[in-house]
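Peer 1: Sequence:
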Amino acid sequence: MRSALFLMVSLSLLSACQGPEQKAGAEKDKAAAEAAGQPYSGDGPNERVGSARERAAKSAKEARDAAGDVLDRQADNIRSQADIAAERLDQQAKSVRDAADEHARELEAQADARRL
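Numbering (this note's numbering), first residue to last: 39 to 154.
By construction, these hints were calculated from the structure, which means they are not laboratory data. Heads up, a few of these hints could be off.
To be verified - Only pairs whose alpha carbons sit at most 30 Å apart, straight line, appear in this in silico DSS-like list of lysine-lysine:
no.	residue 1	residue 2
1	K99	K61
2	K96	K68
3	K96	K66
What you are looking at is a predicted structure, and each value in this text was computed from that prediction instead of being measured.
Please take these sequences and the hints and turn them into a complete structure.
Peer 2: Below you can see the structure in the form of structure tokens.
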């Protein structure tokens, strides 16, 4: 619970910060406003484009992370299935060995009976 709260607060703080694309866009907007002799309002088109690029990059990274998580779960599932199959084979091998031991004991008993 505490870690989830920390994560949410951290993400909130990070989303409030401008990223490099947004900062670069703001600088372009500020330079364009100064060149046009107008005051910079702090919310220009280049800044919005930079912000949109950052959101797109973040979404792409989240998609890659999610795809990686899916592959990790698939790998875990394959390992679990292999463990189950190996356990089944171990049980079958034990059963075959036990049957062979029983049959061998019967034959040894027959051999002992004939030697008397």
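Peer 1: The structure should be examined with respect to each hint, and the outcome stated for every one.
Peer 2: Hints versus structure:
1. Using a Cα cut-off of 30 Å, the hinted pair K99 and K61 holds, with the two alpha carbons roughly 20 Å apart.
2. For the given pair, K96 sits about 25 Å from K68 by alpha-carbon distance, which is consistent with the 30 Å threshold.
3. For the given pair, K96 sits about 22 Å from K66 by alpha-carbon distance, which is consistent with the 30 Å threshold.
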